[in-house]
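A.B. asks: Now for the letters of each chain:
Number of protein chains: 4
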Amino acid sequence: MLSFECDYNVGAHEKILQKLVETNLEPLPGYGADKYCESARAKIKEACGRDDAEVFLLVGGTQTNQTVISSVIASYEGVISADTGHINAHEAGAVEYTGHKVISIPHKYGKIEPDALKKYLSVFFSDENREHMTAPGLVYISHPTEYGTLYTLDELTSLSCICKDHGIPLYLDGARLGYGLMSGGTDVTMKDIARLCDIIYIGGTKVGALCGEAVVFTHGNAPKGFFTSVKQHGALLAKGRLLGIQFDVLFTDGLYFEISKNAIKAADRMREIFRKKGYEFFIETVTNQIFIILENKKAEELKKYVSFGFWEKYGDDRTVYRFASSWATTEEDVNALEALL
Amino acid sequence: MLSFECDYNVGAHEKILQKLVETNLEPLPGYGADKYCESARAKIKEACGRDDAEVFLLVGGTQTNQTVISSVIASYEGVISADTGHINAHEAGAVEYTGHKVISIPHKYGKIEPDALKKYLSVFFSDENREHMTAPGLVYISHPTEYGTLYTLDELTSLSCICKDHGIPLYLDGARLGYGLMSGGTDVTMKDIARLCDIIYIGGTKVGALCGEAVVFTHGNAPKGFFTSVKQHGALLAKGRLLGIQFDVLFTDGLYFEISKNAIKAADRMREIFRKKGYEFFIETVTNQIFIILENKKAEELKKYVSFGFWEKYGDDRTVYRFASSWATTEEDVNALEALL
Amino acid sequence: MLSFECDYNVGAHEKILQKLVETNLEPLPGYGADKYCESARAKIKEACGRDDAEVFLLVGGTQTNQTVISSVIASYEGVISADTGHINAHEAGAVEYTGHKVISIPHKYGKIEPDALKKYLSVFFSDENREHMTAPGLVYISHPTEYGTLYTLDELTSLSCICKDHGIPLYLDGARLGYGLMSGGTDVTMKDIARLCDIIYIGGTKVGALCGEAVVFTHGNAPKGFFTSVKQHGALLAKGRLLGIQFDVLFTDGLYFEISKNAIKAADRMREIFRKKGYEFFIETVTNQIFIILENKKAEELKKYVSFGFWEKYGDDRTVYRFASSWATTEEDVNALEALL
Amino acid sequence: MLSFECDYNVGAHEKILQKLVETNLEPLPGYGADKYCESARAKIKEACGRDDAEVFLLVGGTQTNQTVISSVIASYEGVISADTGHINAHEAGAVEYTGHKVISIPHKYGKIEPDALKKYLSVFFSDENREHMTAPGLVYISHPTEYGTLYTLDELTSLSCICKDHGIPLYLDGARLGYGLMSGGTDVTMKDIARLCDIIYIGGTKVGALCGEAVVFTHGNAPKGFFTSVKQHGALLAKGRLLGIQFDVLFTDGLYFEISKNAIKAADRMREIFRKKGYEFFIETVTNQIFIILENKKAEELKKYVSFGFWEKYGDDRTVYRFASSWATTEEDVNALEALL
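Residue numbers (the working numbering), protein chains in the order written: chain U, 2 to 342; chain D, 2 to 342; chain S, 2 to 342; chain L, 2 to 342.
What the hints contain is simulated information worked out from the structure, not anything from laboratory work.
In this text, all values refer to a predicted model and were calculated from it rather than measured experimentally.
Heads up, none of these hints are tricks.
Derived list of chain U stretches under chain D, where covered just means 3 residues or more per stretch with a C-beta under 8 angstroms from a C-beta of chain D:
no., region
1, 80 to 92
2, 101 to 110
3, 117 to 128
4, 307 to 318
In this text, a Cβ means the ideal position worked out from N, Cα and C, and glycines have one as well.
The task is simple: from the sequences and hints, build the whole structure.
C.D. replies: In structure tokens:
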């Protein structure tokens, strides 16, 4: 059975497993104080080009968003997100669970348009009743977005400026950051992101790790007590080594980027195949996620041989499905998919 | 200086003050256990035509919404609201503060259209990823809405049926309920509302009281421990008598409805005046709130003589303002306004 | 029926009611922006002897504690309280509801002893695992305490110094502050309190008002966005005038202190009577609350003629009851009680 | 460098790593829907002797306690714990963060004594003001406790009966459950626990896994929507396989119990050594944790060669330290420790 359901359907990159095995019986301090965590943090700072960055390793994406957002904003503040943003749509209200409103702005292909943000802020700050409303305390974007799209350097620069002008930090959810950076369709680098955003998280779960997301406060701006906040959110791993070792391996010799590249190559070929075979795209993407509109009947048939992800209904007879490649997708997988379509 | 800024700009109906004075030195038990609270609760149940109702008296509207919603739904559930709903727009994120998402649906003149609700629920329950999303646990509507509009009996019946079909209770925010019931443009009665909704709150603050909102669980459906929840939300008044006496007076001999009628009469005349003088309406309303689009220059001038409420900007040169009548608006007030316009 | 159940069993001081009646039809802006609120705030600042104070008027005590505490401390911090503190024992977990731990310290007659606080902080800050524990972000004391006892000036000064040394603000719950300040057994003045504490609330509900508590940030230290926090907690009254007028009256010509004195006089006489008649005191107090241990049989008998408050069981056959005087207690009331005992 | 600091200082049991490697490239559904999770759940149910149990796999202990407790109790309820309970002392206020009070009861050697629980409940339910207090909605115990002690079958049965009598579920935190069950000093079996408790969690992190805790609702009593609650708490792992595989291995052929036995043997020998060499025990334990009082000077010296955990200060010159064995402790480790002491 072929699997293009998602980018978290297999385990970890073999180098990670190998290192886990090698270091397994080394006694190490807990809670992220071990040398592998330290090394991982140093390498991530270097990849970001930020000496003054502070790095924390958490376990999962929803957890990371919840912990970061609720620690960074004041109790009366909320976080701005595209309505399609993961925190708004698919995290079971995790941000609200910590007491904060997600202030949603209509998306454009999964993105917050700079003009839409500027307009929202301008309306908010000119509203005479704004003290009765949730104050925006953070802007959340995902890159790649939930639709597999990417911000251009221009757009990212604009969002960054607007945020700075209003004294509101910019937070980038990089659950699939590697796939964004390695896409042929981007002009944005890791260092651009670290320079333009106040906080980012670099996704491990979907890019080669068993689990793990690296939060980067890009300029010494981690909130006071953040370690305790991580504990308070149930996000502190006793065996922090599990995260440290994984990120240490991923950020050694550019492995993170190299394996991301593999997913992009596979996806590019898949896009070609879908296009050639006349499939209808729900949205144009340049990363590892491809959204295809299928007749329900056709979908049922395909499901016998290949798994892929439900996205949303598209009228009564058709459905949008997601086909995802990953760091682990092989040429054979893509060939087999081609044969099926 | 004339005041049409809002419907909470003066104190209480004189009968309320009189009763407060008369009973002032009577020693009474605290926290709502006094005889005036009891009497108020009985009268409200009667007005609702529901023997099996349970009534609680709280202090303010945001507080009431926050306390009711967070006590009724499970920790993983959210509340559906029109995007313009008070809980979504103007309560400073009070519902989210208690850990629950407000799931917003695009409004039509401030209302949730039955079809929009049905569609939202149908999409939600057919979404294969719905367990990763906030489950809808309550439907919130306001009547009158924040735009001064009203549900028809048909619409209310439809919403009620849709809710029942999905096992989701229907909650009606009646901050201005009196004005809705006494409007010439309604076919909905108090008893209809109590029959069709699972929970309602009958607003006192904006309809003759100094403060106070009466929550009605219409069929013995108050959540377990609700008294403690009220305390836990900081919503329990030590001198519960302040609320009991006010609602007891308001629901004696139909005072609540009689004074609501006064606001409607005043508003109807104001609408006539605005129309006659060629003012532009932002939206058509049938209750005590009137939304007028004014040139900013004109508005500045008028503000010297009459106060009215900012609603929202309308392009660069114009602004929407709210003119509200209330239970206390006099013919003289309206005449004076007419002279100014 | 005599009533010594509590200090919130009757309405408001007559001057308050009179002012409410006089100003009733004056149109005023809402949400605390009216001139009576302004005047009240100015008078309270003056009574505190603090030009740089910031004053906010809220409705009830639990609400005030909840709103203040959760707005002042960071999300990972808790509040230190005596285990008998109102926030720890009798507010239905309202502080925890906002996400913060109440860190309880064993009390001595309802008070936090300076040495106990010093020890707690010293143990906490020398604990190598403290980052896994709730960080203390505020110290909460009540004055008078829940047991009717008072801090001496020495004790208050010590607590204040310890707090300053650790960079932790000191918050005083003055639900019955007037009764504390007018007690014959105190050497603490209003200005001492305002000088030594970072935040205080001056109770209105139990000292002459229908409702209302005045929060004082004594040195311009109100947290950013506090107005919005008040709204977010459901603690913002639309008709802020109800609070403004009451506090304006209470702080005109020292009325607050004068009526507090009345409660103390009554309580002093009651203590004499209980003592003379051989009743057993549960604890020695110098304010308006008196705790008496009664045989259950005796208590049942007395309850036919006078109401008083359950405090706690005292073995199987006896119970501790609270007898409270208030600003409204008359000589006749005390005489009648004497006759009954 | 020897390490007796804790029981989470090395990686995972080799069989776990081996299985992770073997299954690594198998595509599997996410979020716990894979066959290894299913198999793990079945084996755990069997080990519990409960066909009607429901099992969920979470990542860490604090997270598990937070998610379970906040999902099981109502919004106005709190959880009873010994004051030394992990949730009360060392989880950074994670339970309070979700809005619930931890109601602490004085411990006896880390345990809640049945009589203490009975007394607390009896006082609570006879308190006339109990509706102003946090209602107890759950009883939390840890087994082994934070002090390495164990409940007897008698004690556990009593607690279970008291809980049933009051309609309050009993929740057992088994972060080190294996070490408790394999101790020579226990008369309690896995099946006893599953029979007497309503909810338990079986710790993986400290007993052979890299991470992972298995929550067991012992009689089909998982709260509605619990999967979504797990997601909402950021506790849902995308690659659920990481947890499924680990628990599947641990519960195959009794591995969990076998490796737990190893820790107990090591600890028993360590206790002998300490005793023989005249070290002072802070508390008598029968599981894998040993608490020793050391002169600070002695401790500094030892720290050069062996790591062990700070527990608490013991006067000015001495400190309590924890020495822990684990599933991975070897005879050589213990011999080396013996040589050092």
